[in-house]
Structures are given as C-alpha cells and as structure tokens.
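S.K.: Let chain D serve as the given structure and place chain C on it in line with the hints.
Heads up: the sequence lines are chains D and C, in that order.
Heads up, the numbering used here is the position in the first sequence plus 2, with the first residue counted as 1.
Heads up, the numbering used here is the position in the second sequence plus 2, with the first residue counted as 1.
Because the hints were derived from the structure by calculation, they are not lab data.
The model shown is predicted, which means the values in this text are computed figures rather than measured ones.
Built from N, CA and C at the ideal position, the CB exists for glycine as well.
Honestly, I wouldn't trust all of these hints.
[Stated by the list, open to error] Once the Cα atoms are required to be at most 20 Å apart in a straight line, the calculated EDC-like pairs of lysine to aspartate or glutamate come out as: (1) Lys214/C to Glu12/D; (2) Lys87/C to Glu235/D; (3) Lys87/C to Glu12/D; (4) Lys109/D to Glu235/D.
[Said to hold, decoys possible] A few chain D residues that don't get close to chain C, going by computed Cβ distances all over 10 Å: (5) Phe79; (6) Ala96; (7) Pro246.
Number of protein chains: 2
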Amino acid sequence: MLLTLERVAELLEGLEETIIFKLIDRAQFRVNEIAYVPGKSGFDGEADRSLFVLRLRRQEEMDALFGRFCVPEERPFTTPLPASKRAVTLPDTALRIDEPDSASVTKAILQAYLDLLPTLCAAGDDGQYGSSVEHDVYALQALSRRIHFGSFHVAESKYRGDPRGYERLIRNGDRDGLLARLTRRDVEEAIIERVRHKVGHAQARVNRSVRKYVEPDLVTGFYRDHVIPLTKESEVRYLMKRKPDV
Amino acid sequence: MLLTLERVAELLEGLEETIIFKLIDRAQFRVNEIAYVPGKSGFDGEADRSLFVLRLRRQEEMDALFGRFCVPEERPFTTPLPASKRAVTLPDTALRIDEPDSASVTKAILQAYLDLLPTLCAAGDDGQYGSSVEHDVYALQALSRRIHFGSFHVAESKYRGDPRGYERLIRNGDRDGLLARLTRRDVEEAIIERVRHKVGHAQARVNRSVRKYVEPDLVTGFYRDHVIPLTKESEVRYLMKRKPDV
Chain D
3 MLLTLERVAE
13 LLEGLEETII
23 FKLIDRAQFR
33 VNEIAYVPGK
43 SGFDGEADRS
53 LFVLRLRRQE
63 EMDALFGRFC
73 VPEERPFTTP
83 LPASKRAVTL
93 PDTALRIDEP
103 DSASVTKAIL
113 QAYLDLLPTL
123 CAAGDDGQYG
133 SSVEHDVYAL
143 QALSRRIHFG
153 SFHVAESKYR
163 GDPRGYERLI
173 RNGDRDGLLA
183 RLTRRDVEEA
193 IIERVRHKVG
203 HAQARVNRSV
213 RKYVEPDLVT
223 GFYRDHVIPL
233 TKESEVRYLM
243 KRKPDV
Chain C
3 MLLTLERVAE
13 LLEGLEETII
23 FKLIDRAQFR
33 VNEIAYVPGK
43 SGFDGEADRS
53 LFVLRLRRQE
63 EMDALFGRFC
73 VPEERPFTTP
83 LPASKRAVTL
93 PDTALRIDEP
103 DSASVTKAIL
113 QAYLDLLPTL
123 CAAGDDGQYG
133 SSVEHDVYAL
143 QALSRRIHFG
153 SFHVAESKYR
163 GDPRGYERLI
173 RNGDRDGLLA
183 RLTRRDVEEA
193 IIERVRHKVG
203 HAQARVNRSV
213 RKYVEPDLVT
223 GFYRDHVIPL
233 TKESEVRYLM
243 KRKPDV
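Isolated chain D, as found in the complex:
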C-alpha cells in the first residue's frame, strides 16, 4: 500500500516526540567522555572498543535476533549482524528497494549525534557511563527510524507524483537536481517550528535544580542541520537505487 505524502508527514510528526523524549533523557547525564574512548570500556575481554561502541554493538546484535532490521526503516549502525531468529511479518509497502542498507545514512547520523553530545549534555563526568550509552543507543535508533522511514516513503511518494521528472534526473545521475526537486522549504520550516514548541512543552514543568533543561534551539538546530538534510540525502540514495516498476 502506498502511503500518501500527507500520511507520511503525519507519521513523521508522530515520531518527533519520541526523538525529543530520548534526547532529553540522554541530557540528564553528563557528557562522560571516557565512555567514548576506545579501550576504556572497562569490559572484560574488550581491549579495543569504547563502552559506547560496545553497547551499540551488543544492543544491535540482540535486536537483530529479534528481527528489528527486517523492517526497512530500522537501519542499523553496526555491521555485520546476526540473522533474525524471529519470523517478522512486514506490512505490505509500496517501496521499490531491495537493499534498504544501500540508502542508509546511519554513518552520518552517528557522527552528527556524537557531535551533538557536548552541547546536549552538561560538561564533565558523573560516573553514569552505563546509563549514558544506553540512552545514546535509544536516541540513535529513534533517529534512524525517523530518517529512513521519512526518506523511503517520501521519496517513493514524490516519485509516483512525477515519475517522468524523477526518471530523467535519475538517468542523468543528477544528485543536485534530485535534491532540489525533493526540497520543500515551507514544509521544513513548519517541522522546525513544531519541534521547537514540543521541546518547550515537554519540559514545561521541569524542576531545573534536578533535571537539565534542553534548549529548544538545540533540538531544532539538530533537525535543521542533520535530521532534515540526512533524510533528503537518503531520499536521493533511494531514488538512485530504485527498482523499475514492473
């Protein structure tokens, strides 16, 4: 079943709170830099990895067994991963892509997220490394889901609204042309304004003496500079890999 652009936009809107909640939860711990230093995990038998990398890998290995990555929009950050041990029944989608990983932007999501941490969290070390990296993983997974769900369904829906226009650009390998055709500034601005209000409301009753308040601008900046551009980058990749209609 093809999702209309309006329906995709609504579903993406519904994922905003989840991303906001998870970022705010991570911000309750300090940066805890040592958790990101290779070889400093303090984990028996893991001499090379950071605690963060280890946690992300172990969580994704477990999630893989439960079938998470059978879902097109759930793109992992780790490779390789074990096969699913669970039969997952996927909803029928109209997506035209065989290898969703070929349109994955998780590498860039990871880098953008790690770059955000020093401004999202208070500086310093509170010793809560385990909780910090646990929340990192949940935030990253929410971002990956939102970005890839958006990119796959938006790209497919826009393509179907203008197959000849898109085909020409795809044939010419015109990435800039695709990006320009996919872009709707007014929609992007509306998303950013909505996110701004949601971040404020979610923390309206926060006791700032015990809970770190996350500035709405921080989250909207992250949406503007990363979530939205990476969604579009993934849309371009999706279109370049799109299977011909049968």
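M.R.: Positioned in the frame of chain D, the structure of chain C alone reads:
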C-alpha cells in the same frame, strides 16, 4: 554520603519525566496481546516463553554484563542473571543494605504494569510486537529505578531522622506501624498533581490523528495505586532488612 529527604524527593521528581515519556512511547503501539502469550514468540528454539518475557530476559542478561544491577536501585525482573563483565564504580551511599534484592518489588511492578497495558494502549493488534516489548522493557526499567531509588533512600533518611521510633517498630516486626510512620499524604498528593500536569504538558502539541494521547488520569492513577504504594512496600522491606549501624 546520606541524601537528605529533600534531595531524594527532588531526584525522584526528576525521574518522573522519564517514566512519563516511556509510558507515552509504549502507548503508541496497540496492546498486541499475542506478544504476551507463552509459546507465541515466533523465536527459533524458544517454545515456551512469550516474546515479552524473552525480550525482558535477553535485555536484562545483556544489561547484567554491562553492570546495571550492581547499582542498588536498578533491580532486575529476571533471575538468574550473569555476573557483570564491567568494573562499575558506585557512588558512596549511606544505604545500610547488603542484598538490595531482599527489598525488591519487581514482581509486583511487573504485574501492575501488565495490568496497565490494556488501558494504556489502544486495543487490538498492529503487528508491531518487537517495538511493543522493547518499550515495555524500557518502561519497566524506569519504574524499577524510580521505585527502588525512592524506597532505599527515603527509608534510610527517615530512619536516621527517628532511629528509636523505627527501631521499635522493626524489632516488633510491625509492618503496619512502619507503613503508617513512613506515610506522608501531603507529599503523595503533591506528586500526583505534578505528574498530572507533566503528562498534559508533554503531549500539548500532539497530533492526535497519528499519536495516541495518554490521559493524565491514567498515569496519576498508576502512581497513586502502584508507584507510591510499591515504593512504601519496598521501604518497609528495606527497614526490616536494615543492617545495624556500626
């Protein structure tokens, strides 16, 4: 270091958003009853357990390796669990308990949570079993952390404010007397009112056509009937097991 009652109350207040966010996130999926039926996990080689039980167990087994349950307030739902593979440095607390599991109420938390699901979530089945049980686990862990952090530190702090009064009740095994002495109705009412406002604010900008709105009364009822009574039950257990001062 002994935490004052005021400081404990503040830290508990700071955990409210986390619980609220996680309950709201779970509510975005339907009840998905089959995920709770033993033998219906669809997981290779797991003939007996439900998907929910399997997910909880696997997550806690992984968390145990990372040292989560070395922290007194992080009480697990699963037993037995592997030993930590990570050296965890705990903050110095003034708690007087050797075996925090002896004051654990996770069995009752689990039951209360499962009883909440049919009202928290929309009825029916959306096929998103993996996401549902994933969010169950996060919500349960947030509840366990809040309830046990509260009970251990509140009990210790109240004991120190009135050691003779509490000693008498402990010696007599007077659980009802302990419960009465620990209870502060005005504080409980203030918590409930605060939670009510937070649930409303967190969803103030929700688009109800794509995101389920969780009624504040549902969460406050859960606090009133379960979170607060289970915290007090765990306080009583803590006091009955409290080690003598040295």
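S.K.: Going through the earlier hints one by one, which of them does the structure break, listed in rising order?
M.R.: 2 and 3
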